[in-house]
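Engineer: Residue strings, one per chain:
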Amino acid sequence: MEGQSPRPEPARIDEDLLAPILSTGTGYRLLVGMLAALVLAGAGAWVYQIRTGIGQTNLNPPIFWGIYIATFVFWVGVSHSGTFISGALRLSNAEWRRPITRIAELMTLFSIVMAAISIFVHLGRVWLFYYMIPFPNQRALWPNFRSPLMWDATAILTYAIGSTLFLYLPLIPDFALARRRIGGWRRPLYAMLSLGWRGSHAQWQKLEMAMRIVCVLIVMVMVSVHSIVGLDFAVALVPGWHSTIFAPFFVVGAIHSGMGVVVVGLYFVRKVYRLEAYIGLEHFDKMGKLILVTTLLWGYMYFVEKLVHWYGQEPAEMAVMHAQLYGTYAWLHWSMIALAFVVPITTVVFPSFRRWPVGLMVIGLLINAGMYLERILIIVPSLGRPRLPYAWGVYVPSFIEGTIILGTFAFFLLLYLLAIKFVPLISIWEEKEGLTHAH
Amino acid sequence: MPTESESRSITLYARLASDDRIASILDQLRGSGIEDPQISLFSNQPLQAPLATGSRWLVPVAVLAGLAGIVIGVALAGGTALLYPIQTGGKPIVAYPIVGLISYETMMLCAILATVAALVISIRRAAIWNAGIPELEADNEVAVVVRLSGDDPRRHHVRRLLQETQAIEVRTLETA
Numbered sequence: 001m002e003g004q005s006p007r008p009e010p011a012r013i014d015e016d017l018l019a020p021i022l023s024t025g026t027g028y029r030l031l032v033g034m035l036a037a038l039v040l041a042g043a044g045a046w047v048y049q050i051r052t053g054i055g056q057t058n059l060n061p062p063i064f065w066g067i068y069i070a071t072f073v074f075w076v077g078v079s080h081s082g083t084f085i086s087g088a089l090r091l092s093n094a095e096w097r098r099p100i101t102r103i104a105e106l107m108t109l110f111s112i113v114m115a116a117i118s119i120f121v122h123l124g125r126v127w128l129f130y131y132m133i134p135f136p137n138q139r140a141l142w143p144n145f146r147s148p149l150m151w152d153a154t155a156i157l158t159y160a161i162g163s164t165l166f167l168y169l170p171l172i173p174d175f176a177l178a179r180r181r182i183g184g185w186r187r188p189l190y191a192m193l194s195l196g197w198r199g200s201h202a203q204w205q206k207l208e209m210a211m212r213i214v215c216v217l218i219v220m221v222m223v224s225v226h227s228i229v230g231l232d233f234a235v236a237l238v239p240g241w242h243s244t245i246f247a248p249f250f251v252v253g254a255i256h257s258g259m260g261v262v263v264v265g266l267y268f269v270r271k272v273y274r275l276e277a278y279i280g281l282e283h284f285d286k287m288g289k290l291i292l293v294t295t296l297l298w299g300y301m302y303f304v305e306k307l308v309h310w311y312g313q314e315p316a317e318m319a320v321m322h323a324q325l326y327g328t329y330a331w332l333h334w335s336m337i338a339l340a341f342v343v344p345i346t347t348v349v350f351p352s353f354r355r356w357p358v359g360l361m362v363i364g365l366l367i368n369a370g371m372y373l374e375r376i377l378i379i380v381p382s383l384g385r386p387r388l389p390y391a392w393g394v395y396v397p398s399f400i401e402g403t404i405i406l407g408t409f410a411f412f413l414l415l416y417l418l419a420i421k422f423v424p425l426i427s428i429w430e431e432k433e434g435l436t437h438a439h
Numbered sequence: 001m002p003t004e005s006e007s008r009s010i011t012l013y014a015r016l017a018s019d020d021r022i023a024s025i026l027d028q029l030r031g032s033g034i035e036d037p038q039i040s041l042f043s044n045q046p047l048q049a050p051l052a053t054g055s056r057w058l059v060p061v062a063v064l065a066g067l068a069g070i071v072i073g074v075a076l077a078g079g080t081a082l083l084y085p086i087q088t089g090g091k092p093i094v095a096y097p098i099v100g101l102i103s104y105e106t107m108m109l110c111a112i113l114a115t116v117a118a119l120v121i122s123i124r125r126a127a128i129w130n131a132g133i134p135e136l137e138a139d140n141e142v143a144v145v146v147r148l149s150g151d152d153p154r155r156h157h158v159r160r161l162l163q164e165t166q167a168i169e170v171r172t173l174e175t176a
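First to last, the protein sequences are chains A and B. In this text, residue positions in the first sequence follow this note's numbering: the first is 1, and each later residue adds one. In this text, residue positions in the second sequence follow this note's numbering: the first is 1, and each later residue adds one.
It is possible that part of the hints are untrue.
Claimed, not checked - Over the 12 angstroms line for every Cβ pair with chain A, so calculated as not near, a few chain B residues: (1) Ser-9; (2) Glu-35; (3) Ala-68; (4) Met-107; (5) Ser-122; (6) Arg-125; (7) Asn-130.
What the hints assert, rightly or not - Pairwise CB distance ranges (calculated): (8) B:Gly-54 / A:Tyr-300: 42 to 50 angstroms; (9) B:Gln-28 / A:Lys-421: 44 to 52 angstroms; (10) B:Gly-90 / A:Ala-330: 27 to 35 angstroms; (11) B:Gln-28 / A:Ala-94: 51 to 59 angstroms; (12) B:Pro-60 / A:Ile-133: 27 to 35 angstroms; (13) B:Gln-48 / A:Leu-417: 32 to 40 angstroms.
Unchecked claim - Derived lysine to any residue pairs resembling SDA-like cross-links, with alpha carbons at most 20 angstroms apart: (14) A:Lys-421 / A:Val-113; (15) A:Lys-306 / A:Tyr-416; (16) B:Lys-91 / B:Gly-78; (17) B:Lys-91 / A:Gly-184; (18) B:Lys-91 / A:Pro-143; (19) B:Lys-91 / A:Ser-147; (20) A:Lys-271 / A:Tyr-416; (21) A:Lys-289 / A:Arg-355; (22) B:Lys-91 / A:Arg-146; (23) A:Lys-286 / A:Ile-345; (24) A:Lys-306 / A:Leu-290; (25) A:Lys-289 / A:Ala-234.
Worth flagging that the hints you see were computed from the coordinates, not collected in a lab. By construction, the Cβ of each residue, glycine as well, lies at the ideal position given by its N, Cα and C atoms.
Could you build all of it, start to finish, from the sequences and the hints given here?
Structural biologist: Following this line, the structure appears as structure tokens:
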């Protein structure tokens with residue numbers, strides 16, 4: 001593969017790909033310490049919010065959904081990284097997926113955890129979350145499945161469980177390898193998680209079949225999950241939300257965001273652990289092409305969505321659009337357009353740029369900054385411009401909200417860093433299998 | 001009553017340096033009257049070996065679990081609405097699109113859970129069944145295991161056949 005060092009021998013693959021688990025540098029410890037401090041700050045802010053009440057946020061009428069829900073939507077979007085990259089590329093038998101899938105699948109798992117945390121943070125009385133579970137009770141409070149929030153709860157639960165298992169299945173042979181190669185406190189854990197894997201032909205065939213089945217299912221769940229998140233908005237008669245294109249628009253936006261995060265992850269994993277022999281320029285090139293496609297799709301859907309609102313000239317819809325395009329939120333809006341569309345489209349279109357890992361990593365970061373702004377712009381201007389102008393309002397997150405959200409971002413990175421010490425970041429057996437296919 | 005030697009089964013184990021000759025070894029074993037269920041292959045990487053082991057049963061497991069998931073979804077979304085203690089307009093409101101939406105998610109969840117559970121059970125069963133088989137260390141190595149009853153007259157022939165494959169080692173593992 002061009003731009004890639006010669007493919008290593010199988011014995012070297014074990015050594016290279018287990019090395020991140022075994023070696024821990026000072027930089028790693030410092031980073032973990034720093035992130036843990038941020039997570040503690042976020043947790044402290046959350047505890048403070050629980051103790052003193054949801055009034056610590058700047059969520060006031062008419063804006064009841066703010067940065068917590070925007071962050072929830074953002075993380076659900078990021079979670080599409082693993083499912084789309086891994087699921088879709090596995091289904092299409094794309095050989096180049098091999099070094100990427102695990103990196104992306106881990107991102108899916110942790111981002112869905114962050115999405116769940118964002119929802120819990122948004123609940124004023126978080127300890128009453130079990131009210132969403134339907135069972136006959138003395139409260140006579142039953143969940144209303146006609147509420148999109150119940151759809152969310154069901155879909156996110158399905159997605160979280162499915163993604164965890166989707167990550168776990170191809171890990172089984174790698175856990176068996178780690179059981180043989182790695183001692184200490186991890187060995188009993190690897191032994192337990194490898195389920196006594198012996199590598200019999202029957203086990204391989206069953207694993208392959210199970211992965212195929214789960215792959216198809218998880219891709220279908222992926223589409224439904226972000227569609228449902230889109231429907232949270234679209235089924236409401238709120239100006240700016242009531243749009244038939246919202247479900248596919250959210251799915252495309254999520255994949256766009258997920259691609260960006262995967263590129264960032266690929267860059268740092270490759271750089272820090274010197275995995276240039278596994279993650280080549282070709283992988284960045286392919287990811288760049290996918291980003292090009294998602295950028296175009298996202299831009300197209302965004303344009304169509306705005307065009308229909310503009311063509312209708314419905315006053316309430318136009319108030320929201322004016323706030324976004326020329327008013328209070330214009331700077332956020334045009335930043336979003338630049339970050340999520342203009343900058344990517346004018347860079348990744350060039351093959352030489354796609355083969356520049358640093359450049360593509362920066363584009364990945366910019367796309368996600370843009371997509372985060374998009375999540376805020378979908379929620380805040382629409383809620384801040386209800387149909388009756390006397391009720392219009394503005395929203396700026398409070399310090400507590402900002403600290404909690406910063407904590408979730410730090411927690412995502414912290415979980416990822418901790419996972420590096422336990423899980424091979426590149427699927428070892430799949431990498432070796434790829435070597436066999438190449439010969 | 002079978003004698004003690006007849007009730008025991010023997011396991012012939014051959015460790016090979018690579019999978020190059022697997023297809024011809026399988027052909028020779030079949031030619032000697034050994035059936036596929038008596039043969040097991042072990043490797044640290046998936047093999048492209050012409051040995052069907054039956055993994056398609058996972059598909060009906062997933063389908064049946066998916067159907068069960070639909071029932072659960074209908075019960076959750078439709079049932080909750082039907083039994084809702086506070087009725088609107090004196091009757092329950094069952095929104096069929098919502099029942100479909102929730103059922104879709106529970107169908108997927110049950111299908112995924114059942115597929116993985118079935119896989120886990122089958123891996124654990126295979127681990128117990130193959131407990132006495134030595135683990136392979138090297139990546140390219142492949143082990144061929146043939147299970148025969150203790151008094152099977154073909155055992156010497158099969159052992160000789162395995163030895164002729166230039167195996168790194170051929171052993172007889174006795175299992176009760």
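Engineer: Check whether the Cα positions of Lys-289 of chain A and Ala-234 of chain A lie no farther apart than 20 angstroms.
Structural biologist: Roughly 30 angstroms between the alpha carbons, so the hint for Lys-289 of chain A and Ala-234 of chain A is violated.
Engineer: Are Lys-91 of chain B and Arg-146 of chain A close enough, with their CA atoms no more than 20 angstroms apart?
Structural biologist: holds, 15 angstroms
Engineer: Is the Cβ of Met-107 of chain B more than 12 angstroms away from each Cβ in chain A?
Structural biologist: About 9 angstroms separates Met-107 of chain B from the closest Cβ of chain A, which leaves it inside 12 angstroms; violated.
Engineer: Does Ser-9 of chain B sit more than 12 angstroms from chain A, CB to CB?
Structural biologist: The assertion about Ser-9 of chain B holds, with a minimum of 17 angstroms to chain A.
Engineer: Against the 20 angstroms threshold, does the CA-CA distance of Lys-91 of chain B and Pro-143 of chain A hold or violate the hint?
Structural biologist: holds, 17 angstroms
Engineer: Compute the least Cβ-Cβ separation between Ala-68 of chain B and chain A, then decide whether it is above 12 angstroms.
Structural biologist: holds, 14 angstroms
Engineer: Under the criterion that the straight-line Cα-Cα distance not exceed 20 angstroms, is the pair Lys-91 of chain B, Ser-147 of chain A satisfied?
Structural biologist: holds, 18 angstroms
Engineer: Find the nearest Cβ of chain A to the Cβ of Arg-125 of chain B and say whether that gap is larger than 12 angstroms.
Structural biologist: Non-interface label on Arg-125 of chain B violated, nearest chain A Cβ at 10 angstroms vs cutoff 12 angstroms.
Engineer: Checking one constraint from the list: CA of Lys-91 of chain B to CA of Gly-78 of chain B, max 20 angstroms. Satisfied?
Structural biologist: Holds. Lys-91 of chain B to Gly-78 of chain B sits at ~13 angstroms (cutoff 20 angstroms).
Engineer: Range hint 44 to 52 angstroms: satisfied by the CB atoms of Gln-28 of chain B and Lys-421 of chain A?
Structural biologist: Since Gln-28 of chain B and Lys-421 of chain A have Cβ atoms about 47 angstroms apart, the given range 44 to 52 angstroms holds.
Engineer: Has the hinted range 27 to 35 angstroms been met by the Cβ atoms of Pro-60 of chain B and Ile-133 of chain A?
Structural biologist: holds, 30 angstroms
Engineer: Could you let me know if the closest chain A CB is still more than 12 angstroms away from the CB of Asn-130 of chain B?
Structural biologist: violated, 5 angstroms
The structure fails to meet hints 4, 5, 6, 7, 10, 11, 15, 17, 24, 25 from the earlier list, while all remaining hints are met.
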